[in-house]
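So the protein lines, in turn, are chains X and A.
Numbering (the working numbering) for the first sequence: 1 to 353.
Numbering (the working numbering) for the second sequence: 1 to 280.
Among these hints, one or two may not hold up.
Straight-line distance between alpha carbons at most 25 Å, and here's what the computed SDA-like set of lysine to any residue pairs gives [stated by the list, open to error]:
#	chain 1	residue 1	chain 2	residue 2
1	A	158	A	181
2	A	158	X	123
3	A	158	X	312
4	A	30	A	61
FRET-style restraints, in silico, Cβ to Cβ [to be verified]:
#	chain 1	residue 1	chain 2	residue 2	range
5	X	194	A	79	37 to 43 Å
6	A	79	X	343	48 to 54 Å
7	A	77	X	123	17 to 23 Å
8	X	346	A	195	36 to 42 Å
9	X	101	A	160	47 to 53 Å
10	A	198	X	318	35 to 41 Å
11	X	255	A	206	57 to 63 Å
12	X	127	A	209	43 to 49 Å
13	A	210	X	285	43 to 49 Å
14	A	144	X	145	54 to 60 Å
15	X	138	A	87	43 to 49 Å
16	X	40	A	191	50 to 56 Å
17	A	87	X	126	46 to 52 Å
No wet-lab data here; the hints were simulated from the structure.
The beta carbon of each residue, even a glycine, is placed where N, CA and C say it ideally should be.
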Amino acid sequence: MAKGMKAQTSPTTQAPPGPKEGREWLWSLLLGLLILGLVATVPFVGNASDLHTWTLIVMFAVLAQSWNFIGGFAGYSAFGNVVFFGIGAYATGLVLLANQPFWLGLIAGALVAGFFALLLGLSVLRLRGHYFAVATLGIAEAMREFVTVRDVGGGGGGLISLPLPSLDSYIRFFYAFLGLSLLCLLITVFLTRSRFGYALVAIRESEQAAEALGIPTYWYKVGAFVLSAMPVAVAGGLYGYWATGFDPDTVFNVGISVEMVLLTFLGGAGTILGPLLGAIAFEYISFQFQASGFTFHNTLLGLSIVIVTVFLPQGILRIIQEFGRQPAAGERRAGRFAEGVRRVRRFIAANGI
Amino acid sequence: MSDALSQPMESDAGHGDDDSQVSTPLLQLKSITKRFGGLAAVDNLSFSLHKGEILGVIGPNGAGKSTMVDLIGGATTPTSGTIFYQGHNVTGLSPHQRTQRGIARTFQLTKPFTGLDVRENVMVGALFGQRRLSCSQARRAADEVLERVHLVHKATFKGDQLTIADCKRLEIARALATDPQLLLLDEVMAGLTPVEVAQAVELIRQINKSGLTVLVIEHIVGAIASVSNRVLVLHHGRKIAEDEPAQVLSDPKVIEAYLGERYAQKHTQDSASGFSTAQE
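Pulled out of the complex, with its shape left as it was, chain X reads as follows (with noise of 0.2 Å):
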């Protein structure tokens, strides 16, 4: 019996061919190399004003890359990031005020960034979903009242003020910014190759099966919310003396946080690329905005999350993937193009717009 079932459901005769084994990894971490390429030429292309653009997108490009494991990989909405940008930017702005070398400091930020992930997540690990959202919350802006009320910076109110660096170093920061990038991006690759990333799919997808399947779901979870802490700490303390001073409401505004999360969602969370191409793509729209006079920095925000989380919950990416993927049979591309439509239109008109 067994045997004439098997000669049944045999590959060659009955099964429908199924999609290609992957090699998405090898483009994506190809594409992503040619990305970080192009964007290495500004400063040879482009004027100062492109340059101090170019450095902010790449910064905000590594927050989104870091938040992606823990938020993209592990599927944990961590809403409180942005502490450790702050910790970043204070441990190294500190550690230079005290005459230190500027590497130290960025070291120093890493790792007490990392500690604290560590303390924070073993705590906050134990929640989930919604609760665990709102826990990490709180803790940033706890982070920030502590910092101005202990005027950690002691310039008042918690301000920091640095030395100028010098004016040449602009690029260097850029360059910086830009090698932390393409650090996220191959750990991003190793993620997905990796039993770690494995195991933090895995939670994603369902937690409950992956302890059946004998992961040890809580240290992984730790483990990628201290992965997740420390470029983003690197990236605050290149910040802050790029910026040469900062105070708390900077370095630990809520609105970066908030960043973090649209910019990888709107590229496609838990892919490889999607931080990176939400990044480059949402911030230069906005500085365009912002060159053109318009305040409009909030405005497209609001509306991004908006659009991003009805028309785009998996992001840029699948769209393109969407595209890319052999059809199936009787099925022809512009028939999906109106498929597309007709959901549009079933939308609008069942929200009575």
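Assemble the complex: chain X is given as a structure, and chain A must be docked to it using the hints.
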């Protein structure tokens, strides 16, 4: 001469069997109780499961079958009582620790990792579980398991592109990939067509033949009777019968629990067959 040789061997084997049954059952539940508020989902349940057995567990909806799997798998902890596995007390262990010791389970509501393809789903079981293989070894192990459950032709399908029957197979495949000694199957035949049920029964037999001890929880009484060595019946969280399938299915208490008192009075003798068709 050959007689003389075979004689002691037979008795030896018999003795060895007895010995293992008496000393350490693979799994033993000792007066396990699980309360949710005032309700006892599992009430003072005790039984043993021996190496190589297939134990079927049946019972009407809400009898506490799935809670029992959760208790053995570690997803919930009992209010009172002790669970022994290979002679060790595992009551306080978390689900992943139990899986790493060789207890694997499936879920009644299948939980495929939809972002991964079928092969990667199974790989996760091999990457962790009892073996902790490397990625390339896990890939090979996954292909072997997929071959065993006849799912290899769908290896590159995503977890959400599968039929119910294939989802159930995937659940079994992932559990097998953890390389368990004890497999807990929670309603893997629910929602399947009769042909698919027959295939599933055959698969469970094969799994058992390869050396695994299996605990099958099911609604479909006919299927479970044909595959199990022993059947245990739960009703309101209590064990109301535990015996060979034929005995259990003709037990008036069991028929009453399933089909009501009047049915039990009418059908006393050939109930087993009528019973199973009624369930399917």
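Hint-by-hint comparison with the structure:
1. Between residue 158(A) and residue 181(A), the direct Cα distance comes to roughly 28 Å. Violation of the 25 Å bound is thereby established for this hinted pair.
2. The hinted pair formed by residue 158(A) and residue 123(X) fails the criterion: a straight-line CA distance of about 34 Å is larger than 25 Å.
3. The suggested pairing of residue 158(A) with residue 312(X) holds, with an alpha-carbon distance near 20 Å, which does not exceed 25 Å.
4. Distance check on the hinted pair: residue 30(A) and residue 61(A) sit about 23 Å apart at the alpha-carbon level, within 25 Å; holds.
5. A hinted range of 37 to 43 Å holds for the C-beta pair residue 194(X) and residue 79(A), which are about 40 Å apart.
6. Our hint of 48 to 54 Å for residue 79(A) and residue 343(X) holds, since their Cβ atoms are close to 49 Å apart.
7. The supplied range of 17 to 23 Å is met by residue 77(A) and residue 123(X), whose beta-carbon atoms lie about 21 Å from each other.
8. In this structure the supplied range 36 to 42 Å holds for residue 346(X) paired with residue 195(A), their Cβ-Cβ distance being about 38 Å.
9. Checking the proposed 47 to 53 Å range against residue 101(X) and residue 160(A) shows it holds: the Cβ atoms sit about 51 Å from each other.
10. Hint check: residue 198(A) to residue 318(X), Cβ distance near 39 Å, so the stated range 35 to 41 Å holds.
11. Checked against the given bound of 57 to 63 Å, the beta carbons of residue 255(X) and residue 206(A), roughly 58 Å apart, stay inside it.
12. At about 44 Å, the beta-carbon gap between residue 127(X) and residue 209(A) stays in the expected band of 43 to 49 Å.
13. Range check, residue 210(A) to residue 285(X): about 59 Å between beta-carbon atoms, so the 43 to 49 Å window is missed.
14. Residue 144(A) and residue 145(X) have their C-beta atoms about 57 Å apart, which keeps the hinted 54 to 60 Å range intact.
15. Taking the beta carbon of each, residue 138(X) and residue 87(A) are about 47 Å apart, inside 43 to 49 Å as hinted.
16. Between residue 40(X) and residue 191(A) the CB atoms are about 55 Å apart, so this pair conforms to the stated range of 50 to 56 Å.
17. Hint check: residue 87(A) to residue 126(X), Cβ distance near 32 Å, so the stated range 46 to 52 Å is violated.
Violation of the numbered hints given earlier is confined to hints 1, 2, 13, 17; the remaining hints are satisfied by the structure.
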